[in-house]
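All residue numbers for the sequence shown refer to our numbering, where the first residue is 435 and numbers rise by one.
Keep in mind that the hints were calculated from the coordinates and are not lab data.
Where hints are given, some of them may not hold.
To be verified - Calculated cross-link-like contacts (lysine to aspartate or glutamate; reagent style DMTMM-like; alpha-carbon spacing at most 20 Å):
1. Lys849 x Asp972
2. Lys483 x Asp605
3. Lys914 x Glu667
4. Lys1108 x Asp972
From a predicted model like this one, the values you see are computed outputs, not experimental measurements.
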Amino acid sequence: MPKITRVSVVHGALLLFAVVLIARAAYVQLWQGRDWAAHAQRQQLSNAKLPAPRGTIYDLSGERLARSREMVTVSIAPREVKEPARVSRELAKLRLDRKLIARSLDGKRAWVILPGRHLAGDIGALLALRGVHRAPVIERMYPPWQSSRRIVGHVDHEGNAVDGLERALDDLLRGQPGISTEVRDARGRRLPSPGVPGVAPVAGSDVVLTISQALQEIADRALQDAIAKMGAEGGDIVVLDPYTGEIRALATYRSGRSSGSPAISEPFEPGSTLKPFIAAALLSRKLATPDDTMDVENGVLTLEGRTIRDVHKASSMTLREVIAQSSNVGIVKFAQRLTIREQYETLRDVGFGTPTGVPYPSEAPGVLFTPASWSRQSRASLAMGYEVSVTPLQLALAYATIANGGELLEPALVKEIRSPNGVVTFRNRRRLVRRVMPREVASTLRGMLRETVADGTASDAGIGTFDVAGKTGTAWRTVKGRYAPNQYTASFVGIFPAENPQYVVLVKIDNPAGVYYGGKTAAPVSKVVIEAAMAARDAALDRSALMAGRNSSLVAREQKLVESAEGSLWLDRRVAASPATAVPTAESSKTGAGPASANGHSSAPFVFTLPVAQTPLPLQARPRAIPEVAGLPVREAARRLHSAGFRVRLVGTGIVTGTLPASGVTAAVGSLVKLSAAPAP
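Take these sequences, add in the hints, and give me the full structure.
Below is the structure:
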């Protein structure tokens, strides 16, 4: 047996070690190779999320209400910095704390994230320096003073939708984030990977709203002015197109609250504004005519142990007078001609007690109890607008059925949706829910509501040259389930104009101090909104149709006054039938130019005298001087310009430095005035 020497042992041990090493290497390479390769790649490669720009939100005229812009955040890798002095100077321009700048250049630190967001173009010199890194972020931008902000909502610092349409339409606006693949070099620096392509972000869809920003500002301003003047707790204004259901303005104010839209989410008892729908039920079923007379008990009726009173007392009233004078006794007695089921179905069919379907978070359906839950007093209460709660939007849509000929429509806030490449993927179409009354009944009701504005409780809503139809309402407010003394909701719903309507305007004032009747509080606010809309020229009005529908008697009266003032009463049928003639001006007569010059043989000016009376511009369209607003805050300056009938475009924020055209210059009503502003010193 050969002797085992020490050399043999060492040799065998080395051989065994080599075999084990080779086996281990083979195991790692063959069995674990993919896992270790992936681990190495994870150490060298990393994915960075690229935010996607949210879609832009536009108003009806194309004005941007919300947009995204790409910003950058800045980080410093101190160990990579080669020019610390230059980096320090550039960081100082960002007004950073000196201690933070020093920490950003401390070689003991690997990475320092700087606060704030910046436009890449503003800090290009800093980003060009070695050791300075940037990361893209998307910032949501809103106009500095925008009354539609409640409707639009907002996103938080991380780009997450919080409320309003930003939240309701988040799936459309959000877009798809991209991915950027980065590789670490030997020094740990992050560089774009040349071998692994990234994924570009896809922007969200753009949304065009049915809201008219010009009309929204008018409604918002009118509401805030009214609340301040009346000492009210809050209020709402809804303006919509009765033929399409498109919402043109949605103004809301609540003390201490800056978000949400109570006009959609907070129901209230409508009071007398509900009475026309009882009349509609009677007329539709031929249970009454507008001229049917009812004994109204001199304004006092005791029914089921309850006393019902009228403000305007009379021995008897027709149905049209009951509506015009808002008689509680009259409408309760007329409502007794309806069965319980008919009364319930009338209110249900105009949309009370069910959501409207508007694309907005937290819409309230309101409350309309089924007849099984009614008490002995419910029929009378419902006829007067109690024991039922509706949102301002629901009530405006119900009045739209009177305006459009009897059809209940779904409301719309979105006009169009456009893909990032501009293709229209959705366009709003009129969506009919149901017919709730015959067309002739709706026309009759408009006539009755026109009389309410002309001679009834809503006379303060009247507008000189145009007929307005509408109804006022005043209702007790509930506090902790009980009607509170001396607390009221005042309301008015108007149809403008009464024939071929273009707007339904709802105004609701919560708990006004002093006078609280809807005819003296809410109705005048509706008038302010309509008159300002006519002056604004870009408030979604069809002016040709509007002028064609002017009150003919008032137009004739205006024309007569104009003719008298101009001494042109001699213009009779003979003149109207005569042909137009060309006569030389005084200047051309002096040069001896005769009628033949009109054929082009002379450059002398001629005036064509037409055989028609000249009609002056409506009062609101006469040119006006641009008011002096320099030195005022932009909000107050814009308020004054809008009150004067001008449109406003704001450049800058803070204090107004000037206007273009300049103050004192005469300009047509509806002209655009550019406000230049700068931060207060």
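Hints and how they fare:
1. Lys849 x Asp972: Satisfied, since the Cα-Cα distance of roughly 17 Å is no more than 20 Å.
2. Lys483 x Asp605: 18 Å, holds
3. Lys914 x Glu667: 17 Å, holds
4. Lys1108 x Asp972: 16 Å, holds
When the structure is compared with the earlier hints, no violation turns up for any of them.
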